[in-house]
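Student: Sequence:
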Amino acid sequence: MSDIAYQNKDITSKLFADRFKGKSLKVYGIDIPSIKQVLPTNIPQIKANELRIDNVFLLEDDTIAIIDYESAYKKENKHKYISYINHVVEYYSKEWGKSFDVRMIVIYTADVKRSQTSNIFDVGCLTLEIESAYLSELNSEEILNRIERK
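Using this note's numbering, you'd call the opening residue of the sequence shown number -8 and step up by one each time.
Since the hints were derived computationally from the structure, they do not count as laboratory data.
Mixed in with the good hints, there may be bad ones.
The calculated lysine-lysine pairs, modelled on DSS-like cross-linking and capped at a C-alpha distance of 27 Å, are [unchecked claim]: (1) Lys89 x Lys71; (2) Lys17 x Lys71; (3) Lys89 x Lys104; (4) Lys69 x Lys89; (5) Lys85 x Lys69; (6) Lys12 x Lys69.
Listed next, with one range per pair, are the computed distances between beta-carbon atoms [as the list claims (entries may be wrong)]: (7) Glu139 x Phe91: 19 to 29 Å; (8) Lys141 x His78: 34 to 44 Å; (9) Ile111 x Glu51: 23 to 33 Å; (10) Asp113 x Ser25: 15 to 25 Å; (11) Leu135 x Ser74: 36 to 46 Å; (12) Arg10 x Ala63: 18 to 28 Å; (13) Asn136 x Asn77: 34 to 44 Å.
C-beta atoms are modelled at their ideal positions from N, C-alpha and C, and glycine is treated no differently.
Use the sequences and the hints to build the structure in full.
Tutor: Right, here's the structure in full:
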């Protein structure tokens, strides 16, 4: 049995991280700006709650639709959506033993107009594209008449 840790290469890379400040990653074939600051990797995160996703549906095309209802547009909510997507993908990939596509759908109440929102959340390495529905765009008079006829 060896006294060398299985993750020895990861350990070595992490130990030398402080020496990367001011350097570039071109030696690895990665052409990005030089490193300005080495940030901590032990980012604390304690979550004791289960995610309260509004709805999760398996669709006929075997995609999963995650639906969230919002009465106000907040860009920060997109962080929540990424967590929902990650949680659903991790859970059902293990449960079903296969991968699948996910749709993130936000249904906004009549208080929110399309012009107030953005369906794209781009953080560089990840772009989230949301499908949105706006109750403000529905013809409420027509809907009320249809319901009254029924």
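Student: Now, for every hint given, state plainly whether the structure supports it.
Tutor: Now for the hints, and whether the structure bears them out:
no.: 1; hint: Lys89 x Lys71; verdict: 24 Å, holds
no.: 2; hint: Lys17 x Lys71; verdict: 34 Å, violated
no.: 3; hint: Lys89 x Lys104; verdict: 37 Å, violated
no.: 4; hint: Lys69 x Lys89; verdict: 26 Å, holds
no.: 5; hint: Lys85 x Lys69; verdict: 24 Å, holds
no.: 6; hint: Lys12 x Lys69; verdict: 31 Å, violated
no.: 7; hint: Glu139 x Phe91: 19 to 29 Å; verdict: 41 Å, violated
no.: 8; hint: Lys141 x His78: 34 to 44 Å; verdict: 38 Å, holds
no.: 9; hint: Ile111 x Glu51: 23 to 33 Å; verdict: 26 Å, holds
no.: 10; hint: Asp113 x Ser25: 15 to 25 Å; verdict: 23 Å, holds
no.: 11; hint: Leu135 x Ser74: 36 to 46 Å; verdict: 37 Å, holds
no.: 12; hint: Arg10 x Ala63: 18 to 28 Å; verdict: 46 Å, violated
no.: 13; hint: Asn136 x Asn77: 34 to 44 Å; verdict: 43 Å, holds
The structure does not agree with the numbered hints 2, 3, 6, 7 and 12 stated previously, though it agrees with the rest.
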